[in-house]
Every structure is written in structure tokens, then in C-alpha cells.
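A.B. asks: These are the residues of each chain, in order.
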Amino acid sequence: MKPARFDYVAPTNLDDALSALAAGGGEARALAGGQSLVPMLNFRLGGPATLVDLNAVDELAFVEPTEEGGLRLGAMARQQTLEHDPLVRIRAPLLAEAAPWIAHAQIRSRGTIGGSLAHADPAAELPALLMVLGAQARVARAARGSESGARIERASSLCDLYLGPFFTSLEADEILTEVEIPGLRVGEGTAFAELARRRGDYAIVGVAVRVRLGADGLCEDAAISLINAGPTPCLAEDAAAALLGEVPTPAAIANAAEIASLQCSPAADMHGSVAYRRHLVRVLTNRVLLRARGRARERVV
Amino acid sequence: MSDVSIRTRINGEEWTGAVEPRLLLSDFLRGNLGLTGTHVGCEHGVCGACTVRFDGDPVRACLMFAVQIDGHEIETVEGLSPAAGTDLRIADLHPIQRAFHETHGLQCGFCTPGILMTVASFLERNPKPSDREIREAISGHLCRCTGYHNIVAAVARAAELLTEVEA
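Residue numbers (my numbering), protein chains in the order written: chain L, 39 to 339; chain V, 189 to 355.
To be clear, the hints were calculated from the coordinates, so they are not data collected in a lab. Wrong hints could be hidden among the right ones.
Claimed, not checked - Label pairs and their in silico Cβ distance ranges:
1) Asp254/L x Arg313/V: 56 to 66 Å
2) Pro270/V x Arg235/L: 54 to 64 Å
3) Phe205/L x His260/V: 32 to 42 Å
4) Ala181/L x Asp319/V: 49 to 59 Å
5) His289/V x Ala188/L: 54 to 64 Å
6) Glu312/V x Pro203/L: 50 to 60 Å
7) Ala210/L x Asn314/V: 36 to 46 Å
8) Gly332/L x Glu352/V: 34 to 44 Å
9) Arg235/L x Glu348/V: 26 to 36 Å
Beta carbons: idealized from backbone N, C-alpha and C, even for Gly.
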């Protein structure tokens with residue numbers, strides 16, 4: 039249970055971190071909070087030749103408001119920030135609501151937002167939460183070969199980031215640097231629920247939703263994302279689409295929850311069968327949609 | 189793979205030296221510094237026994253490398269009570285430790301140091317917690333003896349004792 043040897047670099051700015059990662063030629067890995075990577079190293083599941091520690095890259099550790107009423111979260115912002123930062127509570131109440139469910143306090147104090155997103159655990163809360171909020175990720179790498187400039191950046195929707203369990207579209211020389219969350223709009227409400235054996239344990243199933251109601255009470259926009267109900271963090275698109283243009287009555291919400299339950303693709307493990315997880319998707323989706331609807335109604339002008 | 193020089197403060201004392209990058213913080217504290225109050229259970233961040241405080245926040249010492257404490261401050265269970273050694277009296281213990289003693293909040297004691305460090309941070313943020321909040325706060329710790337009931341009572345008692353100290 040001890041990691042194999044590796045070289046260690048601790049750059050203090052993003053450009054140096056990107057260069058170090060590029061210099062590793064696929065054998066280097068970025069170390070963010072380390073709450074998933076270090077256990078893997080302890081188990082010797084994959085041994086990078088070099089660890090590029092991002093913990094001294096202060097420019098990645100921020101939570102900032104955007105002019106559009108949203109938030110920018112730096113990759114190295116700690117997960118506990120979501121729980122304690124008043125700005126997050128106001129601008130992204132879904133994140134504040136779900137934060138206590140993201141692992142345990144001792145993990146959240148160290149674990150980062152970017153680290154969780156890049157790790158791509160289908161049972162993790164953050165990818166699903168940010169997906170349902172319509173967040174965009176920014177990804178950076180050092181210029182390769184003939185490219186001009188020091189740094190190449192690109193934007194990626196959260197949905198495009200996830201290719202499979204623990205598998206993202208990030209290249210070996212890329213770092214996910216930040217995510218931007220749009221502001222909560224008029225008539226918009228969000229909610230989250232999860233079932234876990236103990237608070238902080240991996241979700242058996244979790245659901246996050248966002249709904250927007252017009253002044254006429256019709257559903258103008260909806261998103262539903264499921265945690266640990268498929269090989270990747272995923273949106274239940276058909277279930278959300280079933281609500282569009284409808285009055286979100288209990289019957290319409292129950293119908294959407296039924297679609298989410300039928301279309302998700304959970305796996306069985308010691309904590310629950312496929313049938314049990316589908317049941318949970320239905321029950322939890324129904325519950326959080328009702329709660330989000332209530333919150334949306336309070337925000338209709 | 190060469191050793192890296194670090195400068196850190198552990199339980200208030202400055203420490204300077206070189207460590208191998210792959211050395212876990214938990215092994216550094218126990219092996220290099222002899223601070224064996226930090227216990228090593230699962231070594232993959234599940235059991236909570238190795239919890240220490242990093243710049244005031246509880247962290248798993250088995251999920252950090254010793255090189256990462258460069259420029260930072262660590263507090264272990266040895267730093268809780270200023271008095272130590274064989275002639276230690278109950279009255280000299282930290283109020284959280286006294287509360288665990290009073291309420292039988294431990295049996296074998298293996299998980300206790302980690303819980304104490306978590307509770308120290310928790311009660312700073314939340315000095316008057318409910319039972320539910322206490323249960324959530326200690327959810328990252330495994331205890332195979334107590335059934336947790338007396339640990340919850342101990343944390344509640346610790347909150348009382350700490351409030352008395354401040355009053």
C-alpha cells in the first residue's frame with residue numbers, strides 16, 4: 039500500500055504546470071486534491087513517471103462571480119468551498135445543497151472541483167451537478183511543436199468531456215482549468231437528492247434537476263442528470279424533454295421520472311441491483327422535480 | 189526521484205529536512221517524526237484513522253505526500269494537549285479528549301486520534317451541533333468497537349466543555 043517511485047514537480051503557475059505535463063510525454067499526471075489519484079497510487083493502479091502537483095498553482099484556486107450572474111470555479115477550488123462560500127449559496131444553490139454529499143469533510147477539504155471533474159467517476163456528484171447547470175469547462179495545454187504562443191485553450195461542454203467510466207476527452211497534456219456556470223434565471227429552480235449508506239459515501243443513486251417555468255406556468259427548460267445510473271455522468275434528455283411546454287403537474291413529473299428510470303443504464307453491485315437502482319432513479323427524480331418546481335415558482339416574476 | 193527539501197510546522201514546531209516524494213504524510217509523521225498517534229488503517233482514504241489537520245482543515249494523511257506540507261502547518265493528535273507523557277492527568281487533556289474520556293467515547297482507541305482531529309475542526313465551525321450534524325461530521329470515520337453512540341455523546345459533551353472554556 040505504498041506508491042511506486044515518481045518524479046515530483048510543484049510548479050507555481052499554470053504555464054509551468056502545462057510545460058511540465060507536456061514534457062512528461064504521456065507519462066506525467068497532474069495531481070490536484072489527490073483524493074482519488076493517491077489511493078490509486080497507493081494501490082499501484084497505474085504509476086506515472088512524474089507527478090505535476092497543482093496545489094501551488096494559486097491562479098487555479100478561485101471562486102468568482104460572472105457579470106451574467108453566474109460563477110467561475112477554478113479547478114483547484116476545494117470542494118468544501120461549495121459548502122461554505124456565501125457566493126456559491128446565492129449563485130449556484132444546487133452546488134451548496136449537494137456539497138455535504140460530496141464525500142466526507144476530510145475529503146472535501148482537500149478534494150478539488152477540477153480533480154473530480156477530470157477523474158470522471160460515474161458515481162461522483164460534481165460532473166452531474168455541473169452538467170445539469172449547463173456549465174462549460176475550459177481546458178488548456180502547452181503549445182505543441184509548430185503552434186505559436188505559449189498556451190492553447192479550448193472550451194468543452196461537460197457532456198462532451200465524458201467518454202466512459204473514468205475516461206474523458208482530456209488529452210495527456212491538457213489540464214481542465216475552470217468551469218463557468220450560467221446564472222440562475224427568472225423562474226428557474228434546482229434540486230438534488232441522493233441515496234447513500236452513510237452521508238459522504240458514494241451515491242447508490244443520485245439525481246440533480248433544473249427546471250424553468252414561464253409566467254404562464256409552463257415548463258420552458260428542464261435538465262435532469264443522474265449519478266451512478268450509467269457508465270458516465272449523464273443527462274436524462276428524453277425525460278427532461280417530456281416536461282417542455284407542459285404544466286409540471288404531479289402526473290407530468292411522474293411521467294418524466296418514469297422515462298428517466300426506463301432509459302438509464304445502471305450497473306448492479308453489492309449495494310443494489312439494476313432494478314433497485316431504476317426504482318431509485320424514478321423515486322428520486324420525482325421527488326427532486328417536485329422540489330425544484332416549488333423553488334422555480336418562487337422565482338417566477 | 190531525488191529527495192525534496194521541505195520546511196513545515198508540525199504541532200507548532202518548525203521542521204526542515206528532505207523527504208522522498210512518494211513518502212505519504214502518514215508514514216512521514218509516524219516513521220520520520222515518531223508521531224505515532226496518527227494511526228494508519230486502510231491507507232486509501234476510507235477509514236479516517238490517519239486524519240490530521242492541514243492549515244486547520246481535517247485531511248487524510250494517507251492521501252497526501254509529505255512533500256506537500258512544504259510551507260504549511262500540520263497538527264496531529266499530539267498537538268491537542270500541551271501536556272504529555274506518563275504523568276499526564278485527565279485535567280491536562282484537551283476538552284475534546286476529556287469529553288471522550290468522560291463519556292466512554294472509545295474502546296480500543298485505534299480510530300480515536302483521527303476522530304479527535306476531525307471534531308476539533310468541526311466544533312470550531314459549528315460550536316453547537318445537533319446530533320444529526322455530529323453524525324454527519326464523523327461519517328468519514330470507521331469505528332469497529334463502539335457502535336458510534338458514545339462517540340456522538342462525546343462530541344456533544346466536547347461542545348459543552350469547549351463552550352464552558354470560552355465562557
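A.B. asks: Could you run down the list of hints and mark each one as holding or not?
C.D. replies: Here's how the hints hold up against the structure:
1. Asp254/L x Arg313/V: 56 to 66 Å: Since Asp254/L and Arg313/V have Cβ atoms about 44 Å apart, the given range 56 to 66 Å is violated.
2. Pro270/V x Arg235/L: 54 to 64 Å: violated (39 Å)
3. Phe205/L x His260/V: 32 to 42 Å: Given range 32 to 42 Å: holds, Cβ gap about 33 Å.
4. Ala181/L x Asp319/V: 49 to 59 Å: holds (56 Å)
5. His289/V x Ala188/L: 54 to 64 Å: holds (58 Å)
6. Glu312/V x Pro203/L: 50 to 60 Å: At roughly 38 Å between Cβ atoms, Pro203/L and Glu312/V fall outside 50 to 60 Å, so the hint is violated.
7. Ala210/L x Asn314/V: 36 to 46 Å: Since the Cβ atoms of Ala210/L and Asn314/V sit about 42 Å apart, the hinted range of 36 to 46 Å holds.
8. Gly332/L x Glu352/V: 34 to 44 Å: holds (42 Å)
9. Arg235/L x Glu348/V: 26 to 36 Å: holds (30 Å)
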